[in-house]
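Q: Sequence:
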Amino acid sequence: MYYELYIDVFFLENFMIDSLLLLAVGHVLKCRQSYGRIIAGGIVGSLLTCLVIIIPLPAAAKLILFHVIVNSLMITTGLKITGAGQFIKAVVLLYLSAIVIGGAVQLFRPWLRYAGLLYAAFAAGYVLFLTLWRSAASSGRQEEDVYPVTLYAGGKEKELYALWDTGNVLSDPVTGDPVNILAPGLAEELIPTGEEAEKFRYIPFRSVGGESVMQVFRGEKMCIHLGEECWIKKPLLGISQTEISGERAYQMILNPGVLAR
Numbered sequence: 000m001y002y003e004l005y006i007d008v009f010f011l012e013n014f015m016i017d018s019l020l021l022l023a024v025g026h027v028l029k030c031r032q033s034y035g036r037i038i039a040g041g042i043v044g045s046l047l048t049c050l051v052i053i054i055p056l057p058a059a060a061k062l063i064l065f066h067v068i069v070n071s072l073m074i075t076t077g078l079k080i081t082g083a084g085q086f087i088k089a090v091v092l093l094y095l096s097a098i099v100i101g102g103a104v105q106l107f108r109p110w111l112r113y114a115g116l117l118y119a120a121f122a123a124g125y126v127l128f129l130t131l132w133r134s135a136a137s138s139g140r141q142e143e144d145v146y147p148v149t150l151y152a153g154g155k156e157k158e159l160y161a162l163w164d165t166g167n168v169l170s171d172p173v174t175g176d177p178v179n180i181l182a183p184g185l186a187e188e189l190i191p192t193g194e195e196a197e198k199f200r201y202i203p204f205r206s207v208g209g210e211s212v213m214q215v216f217r218g219e220k221m222c223i224h225l226g227e228e229c230w231i232k233k234p235l236l237g238i239s240q241t242e243i244s245g246e247r248a249y250q251m252i253l254n255p256g257v258l259a260r
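Be aware that the sequence shown starts at 0, since it is given in numbering that gives the first Met the number 0, and climbs by one per residue.
Please note that a few of the clues may not be correct.
[To be verified] Taking lysine-lysine and the DSSO-like style, the derived pairs with C-alpha atoms no more than 30 Å apart in a straight line are:
hint, residue 1, residue 2
1, K155, K79
2, K220, K232
3, K233, K155
4, K88, K220
5, K220, K233
6, K155, K220
[Unchecked claim] Pairwise CB distance ranges, derived in the manner of DEER restraints:
hint, residue 1, residue 2, range
7, T241, I54, 55 to 63 Å
8, C229, V90, 25 to 33 Å
9, S244, S71, 30 to 38 Å
Simulated from the structure, these hints should not be mistaken for lab results. In this text, a Cβ means the ideal position worked out from N, Cα and C, and glycines have one as well.
Given the sequences, and given the hints that come with them, work out the whole structure.
A: Shown next, in the form of structure tokens:
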């Protein structure tokens, strides 16, 4: 028994699904990758897959190449990975999305006689994966309004989760700007240095424990992912003296006033 493999069709199918997998993983991890990088990653993944199929190698070697080398090169080419932890998350998400998208394709395989329908099934699997992911993420945080935030401060970029707290009405008595409160551990990573450190100020606030003062400084910008991207320029950031989340489910308390300005 033998199989005829049309390498051009095989390459095109793999390129399509690899690109959608990278797009899905990048969307979940919020990697700011360009479509050019996604396409490049899809080409790399599909090309290497074709080479592994064509070159006569032992089955064990092909297994290692498929699941270690090909996937790793595809991810590093297509996504803006910033560290080992994010890379591991990307690999796990790649396989999860492949299961969902591949399952959607197999479900409609008997009716996929045309390439256009095949690609439509790939796209449907992509949408299904993102829908399932958003549903799982929202159900895990349904009791609290916690949103992903990208914060730029102290010359650094930080991905974090923030609690939308309508009870946070703290504002700067001089400028009237709303204050967003950072967990102390996170604040240590983002504290400005050099000349920027001189821009620290202290503002009074009242809590259950009584009256005190809070150290505040200006961030560069902040993006709140509320279904759509809401950008805030020069957010005012306060440093909490205690942990703001018992289980560290979030690292910032947002002031709703940031969207009213």
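Q: State the violated hints by number, sorted upward, taking the hints as numbered earlier in the document.
A: Hints that this structure does not satisfy do not exist here, as all of them hold.
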